[in-house]
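Sequence lines, in order, name chains A and B. The opening residue of the first sequence carries number 1 in the working numbering; numbering runs sequentially from there. The opening residue of the second sequence carries number 1 in the working numbering; numbering runs sequentially from there.
If you are wondering where the hints come from, they were derived from the structure by calculation, not from laboratory data. One should not assume that every hint holds.
What the hints assert, rightly or not - Cβ-to-Cβ under 10 Å is the rule here; a few derived chain A residues that face chain B:
hint, residue
1, Leu81
2, Ile132
3, Arg143
4, Ser209
5, Leu211
6, Leu252
C-beta: ideal position from N, C-alpha, C; glycine also.
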Amino acid sequence: MAELTSRQGGGRVAVLKPQVYAWVQDYGVYAAVLALLLFNVLFTPHFLDAANFRTQLVQVTPIVIVSLGMALVIGTQGIDLSVGSVMALAAALTVLYLGYGWLPALVVAVIGGAVVGAAGGALVAYVGVQPIVATLALLVGVRGLANVLVPQLVEFRNPGLIALGSSSVAGIPVIVLIAAALTVIVLFVVRRTTFGRQVVAIGGNRPASELSGLPVKRVLLTVYVISGLLAALAGVLATARLQASDPTSLGLFIELSAITAVVVGGTPLTGGRIRVLSTVMGALLMQLLAATLIKHNLPQSWTQMVQAVIILAAVYATRKRGTR
Amino acid sequence: MNREQTSRLLQQHGAVMVLGLLVIVGSLAFDTFATPTNAASVVVSSSFLAIIAIGMTFVIISGGIDLSVGSLFVLGGVLAAYGSQYGMLVALLLPLVVCGVVGLLQGLVIARTGMAPFIVTLAGLLGVRGLMLAISDEGATTYLVKDQAFAALGQGELLGLSYPVYVTIALALIAMVLLQRTGFGQNVYAIGGNEQAAALMGVPVARTKVLVYVMSGLLAGLAGALNAARLSSGVTILGIGLELDAIAAVVIGGTLLTGGAGGITGSVAGVLLLGVIQSLINQVGSLTSAFQQVVSGAFLALVVVAQRLLSKAQRLT
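Only chain B is shown next, with the shape it has when bound in the complex (with noise of 0.2 Å):
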């Protein structure tokens, strides 16, 4: 195997590489930690941001970014919440559509006017935490969750697993064929690799990259209203921040914040192992929740630099 095909390998399953060795470290190192409990809960814990990883996945590979998510994720648990005294369907619906509008309206702005994917999502992120506030009375509502079928949508378990893993499970697996087997895939990672080639090829750049700013929107609801079935209620104060951490957990998973590569199995591991990292500090116990924040920090910065210094290897050969 030659250099180039080594950093490839390297740059595109290395998360997962480092995942499995996190987690052979850690039974080795503790007891507690390879129990099915600790990884159920690693697990359950994970699947939430990894729905919303899986959006922000075509967004980063469509050359874009989206910053709105850890908004929409508190506004769809809050109409979720809300919806919840009408139904399922209802709970379901409600944050689903609102968040898909938010994020076809963005996907609009950032394709029809050229202006920066960064942007657009800020005063999105603004906007939506605004509508938040706007419908729970200044975050002063938190609406509870009246439907006892949505509730055990979130609660309830199937073999030791909480039914929103298998639904992230299921997602991961569609989002995976969408990306590498349907033309629309190929059309996100032309947009994402050079835009006005793509272009010039005939790739419809500005229905995909609505497409792509839809799909962020309507997952993060998506987790929102999962999240709201398990805890029961709309709780207003989550999501800050979470924006940020699910571009992390992309890019420690080998996708290319320039865009044109990268994949959903990498970000689901980047996912897994901020979760794994989080749980290796707990298991230290004495070590504060703090400084899984100076891990997690230095191990993204760790991964860029690695990041780059592959790129550049393949570039040489």
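This is chain A alone, in the form it adopts within the complex (with noise of 0.2 Å):
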């Protein structure tokens, strides 16, 4: 530190930068996320209604299940982008077997959401594959197979499922309710769990990790298992409350808003650090923004325009420290 003082020569200053980038880093979200809450009860009429907030909840509820797994692969240095065609194959087998009740349709979509999981763990772990392409081999491979087994959108009147979409306790959405409890779990995991040392470890240093005798490989299989896993649940969740299953549509280009909540979150995708709060609120901040700039009729190519900057921006505070 003191030699990259004296070189820039800029006293205080000089100082003062490397915090700044490691604050923005750590809590740029959050202040972020703060700001444009604060931005919205000022200047937005009806921000505060609470219809108006749960569907914002409702909404982002997907992304943010997806993006727990994809906090938990990318902390391995590794990549998932098969999870929105596992959404859209949770969908088709949700609907398939919802002849024999809600919860078994949602256990065979889960376990199919884990065996695609598997696979790409497989292939990644044990042949070697990178993370991009064999997942990449699932993403097209995968909602083909979704179009293959329910080829075009399906409606239902199956009860228990719209209610596990639309129900509510004490006002909260119920899907919003395993969101949070799944946030907590994955936290957890991360922080306070063997496994979750060994996938930080992992990422952080694969050859070290593998000399000090972590299982290396099984640990990575498990990461991209829990993602799949994780994505099936949020295709279930999704696809309860559209009360209808479109394996053509759903979950199209979630890999790209999970990987964004990740990495504005703080999270390097260089791996060997997990940031799963962070990851939530990056969630939080690009739908927040989203639905910001919609009302104020600001049109849908803004939006995206905007949200393209703050990807930059948002990688650009976090590489600082990367090459300190």
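Fit the two chains together into the complex; they arrive one by one in their own frames, and the hints show the way.
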């Protein structure tokens, strides 16, 4: 640090600069969410209505759930592009097995997601294929499979599944409660369990982890299985909320939203660090941003361009720590 | 021929061999497969993806990735159709200039800040699609191609093949020469192989990287413009997932996603393979287009596993 300061020769300012970057990296996403909330409270009519809040939260739920798995995968220096297709497969499996009741259908769908995750994880961990290619193959193939199983949009009338999608407990939608519970579980796993530490260790330095005897391959496989499982669950919940199974367009591009949430939350793509709560904040930030722009009559084109700028800014801010 | 040579040959030319095999099987199985009409339709429909895949090959060999090409393809098409009201020159130059500048900006950010290409071009994917929506009234306006000469560029035929096919062949030949016979091509391989070593050897790393993304942007824009000429309009809903098709084709063609190895022939063969698979599935008739995705995905998985095993074999010897 001293060397850096003297080279920049800027006195106090130069000492402060790395600290500012570190602060932005750690708390920037919270600050951004707060700032956006404040802006909306002041300038957006009806923003504080409970209905509006509920809509926003319900809409962001699938992305949050998928992002949790994505954060784990990115923590191992990997990436999972297959999550959107897994959601579609889960939707297809759900309606196929809905005749046996909604709970068995949910279980089959989640198992399906875990199997896809295991396929990707096996390719990455045991064959040594790059995560981006392995999961790209699954992205292409699994969406096709979902479409082969259920070629068109199917509406359903299963009361249990519809209740899962639209009922609330104490005014909070069940879907949101599930997402919150999953967030707490993943947070616990990352911070307090051996498995969580192994995930971070492998992402930080894989050769060292191998040398120190960590079960690297098994951990990698498990991480992709968890990602597939969570994506499938998100698919079932989204299907329950839509009251229809739509394998053609469900989860399209959600891998990009999830990666964005993780990255904006300050988890580096280079692995070795997982920020669970910030990932959820990242998802909320992108959702809130889109909602804000739309509420103020800015068209979708603007939303996408602003999102692009925010992604770049977030990654630029997190980049500093890596190169320090 | 020893084991190392065999595995290297398979890695570099496997896609061409599989393509040949599939064509033979297809023509034996279906009377309507090996006809000039069918061949022409496969080649024509593959040409636009092939142009994009050529640019992607450079990017991937340099160790990067370009997710923005699908959005640039649509943007190029919309700009070409919009520009065609001012004549052929504008219709061609406008998409090339804009898409080239987008590629330049992405390249500069990647080369100067060291941010991951995946993220920079992901932002590009979003931002460029936003830009396209902005100039087409949120996708509601489909500009029609006004200039007949420009439309002829996409629709005209020579010896039963439409012009875009010849453009693709010409571009592939130029790209092969660039990659194999010039210093620039050597630099691309060197950076993808080992960036630090390349920098130490005096390879202009930043400049080469920027150029690679400029090329990718230009080619995606050109493909979009040619497609708009073929369709006589700038359709705003195209290009979704096209970046993934292009990456898949390049990877199937034997280019390693880790960079440093690969070639244009493989990528073109990869594109044709995807086209032939689709054509074969069409021949069966009863199978849906969804089935094509299953086969393509399974095929991609198979290829990367094979690549991995082959490169292991090479390292063992």
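Structure-based check of each hint:
1. Leu81: holds, 8 Å
2. Ile132: Cβ of A/Ile132 sits 6 Å from chain B, so the hint holds.
3. Arg143: holds, 6 Å
4. Ser209: Violated - the Cβ of A/Ser209 stays beyond 10 Å from chain B, reaching only about 20 Å at its closest.
5. Leu211: violated, 20 Å
6. Leu252: Cβ of A/Leu252 sits 8 Å from chain B, so the hint holds.
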